[in-house]
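*Asks:* Make the full structure from the sequences, and use the hints.
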Amino acid sequence: MIMIAPTSELTPDQLARFIHSLGYEISIKETCYGANIEGDKDLIAKAVPKIRGLDPNRLFIKVRAYPIGDERRCRAHHGSRPGFNQLEKEWMDLPFIEAGLCAVESGEECPEKPKRKRLSVEKLIQIAEEENI
Amino acid sequence: MKIFIMPPNSLILYDLVERFGHQPLSVMGTLRERVSGREMESPPLNVTPADVTKGLKYAGIEVPSGIRGRMAVWGPMIDEAEAAIIMHDTPFTFGCVGCHRTNLLLMHLIRKKKIPTIEVNYPEDEEEGKIMVSKIKTFLEGLK
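Just so you know, the sequences run in chain order V and U. Each residue of the first sequence is one higher than the one before, starting from 1 at the first, in my numbering. Each residue of the second sequence is one higher than the one before, starting from 1 at the first, in my numbering.
It should be emphasised that the hints constitute simulated quantities derived from the structure, not laboratory data. Idealized CB from N, CA, C, for every residue including glycine. Treat the hints with care, since some could be wrong.
[Stated by the list, open to error] Pair by pair, the computed Cβ-Cβ distance ranges are: (1) LEU124/V / MET1/U: 41 to 51 Å; (2) GLN23/U / LEU22/V: 22 to 32 Å; (3) THR138/U / ILE125/V: 41 to 51 Å; (4) LEU119/V / ASP79/U: 35 to 45 Å; (5) LEU43/V / GLU62/U: 41 to 51 Å; (6) LEU124/V / ASN121/U: 19 to 29 Å; (7) SER120/V / ASN121/U: 18 to 28 Å.
[As the list claims (entries may be wrong)] If you only want the chain V side, here are some residues facing chain U, beta carbon under 7 Å, derived: (8) LYS62; (9) VAL63; (10) ARG64; (11) ALA65; (12) PRO67; (13) GLY100; (14) LEU101; (15) VAL104; (16) CYS110; (17) GLU112.
*Replies:* Below, the structure written as structure tokens:
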């Protein structure tokens, strides 16, 4: 499963056409979020780095349990998609991961931020009193 | 190295682990063999009564069958794992990763196994994303 980050200018159509142009004997399905590919493991292993090279920090790839067009999952057959909510959430977070990948590529130092402290009761009382004035 | 990822179906973690040269152990990979290898009794459910029995290795008989069923799939992955990445603050609690007790048990088993483990949080902005990715990269490079 190949997912395009929201910040990418690639479209699923461009992605699918690029994979077709590689000429490997694999199945390709264009989807709303990117594309699904399926086929011989060696061919997939060859194709993945090339696909990632199209937009390295904005294309994210993972294995999908169900085969392409499986009736238990495929929307065309009214299949259920219980994992979609997580994918949607992670899709929204992909720009943050992209920023992280760009930072590690450029060798940027990323020091950890100090943990947020909890608001003390005294401070809360002070704020509440300020609001009343 | 084989890296267990938590949540075990995370796109972000799967991609990062593979990108930095390791083999992610994901629930998708395990389930792929099940859903394509044999007929499931009740299609979108992936757990069979036999799995619930198999889960006894990881959770006691008094533990709900949902946890044991999940552990039948995820437990062998922990047995296989050589390192683990745990991502906290998952804002979604439904679907196959929606059982909080199973998630707690998984984390307990990972810590008990004493394999190299890193715990990070889901990023909420770009700064946190940079911190998370750099921590994971340093961790994975250190494993080689």
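*Asks:* Each hint: holds or not?
*Replies:* Here's how the hints hold up against the structure:
1. At about 47 Å, the beta-carbon gap between LEU124/V and MET1/U stays in the expected band of 41 to 51 Å.
2. Between GLN23/U and LEU22/V the CB atoms are about 23 Å apart, so this pair conforms to the stated range of 22 to 32 Å.
3. Separated by about 43 Å at the C-beta atoms, THR138/U and ILE125/V satisfy the suggested range of 41 to 51 Å.
4. Distance hint check: the CB atoms of LEU119/V and ASP79/U are about 44 Å apart, consistent with the given range 35 to 45 Å.
5. For LEU43/V and GLU62/U, the hinted distance range of 41 to 51 Å is satisfied, since their beta carbons lie about 48 Å from each other.
6. LEU124/V and ASN121/U have their C-beta atoms about 25 Å apart, which keeps the hinted 19 to 29 Å range intact.
7. Distance hint check for SER120/V and ASN121/U: the Cβ-Cβ separation is about 23 Å, which falls inside the suggested range of 18 to 28 Å.
8. Interface restraint check: LYS62/V against chain U, minimum CB-CB distance 4 Å, threshold 7 Å, status holds.
9. Using the Cβ-Cβ criterion of 7 Å, the hint placing VAL63/V at the interface with chain U is satisfied: the shortest such distance is roughly 5 Å.
10. The criterion of a C-beta within 7 Å of any C-beta in chain U is met by ARG64/V, whose closest approach is roughly 6 Å, and the hint holds.
11. Hint on ALA65/V holds. Least Cβ distance to chain U is approximately 4 Å, under the 7 Å limit.
12. Restraint check, PRO67/V versus chain U: the minimum CB separation of about 6 Å is within 7 Å; hint holds.
13. Because the smallest distance between the Cβ of GLY100/V and any Cβ of chain U comes to about 3 Å, under 7 Å, the interface hint for this residue holds.
14. Interface restraint check: LEU101/V against chain U, minimum CB-CB distance 6 Å, threshold 7 Å, status holds.
15. This hint holds: VAL104/V has a C-beta 5 Å from the nearest C-beta of chain U, less than the 7 Å allowed.
16. For CYS110/V, the shortest C-beta to C-beta distance to chain U is roughly 4 Å, which falls under 7 Å, so the interface hint holds.
17. Here the hint on GLU112/V is kept, as its CB sits about 6 Å from the closest CB of chain U, short of 7 Å.
Every hint from the earlier list agrees with this structure, and none is contradicted.
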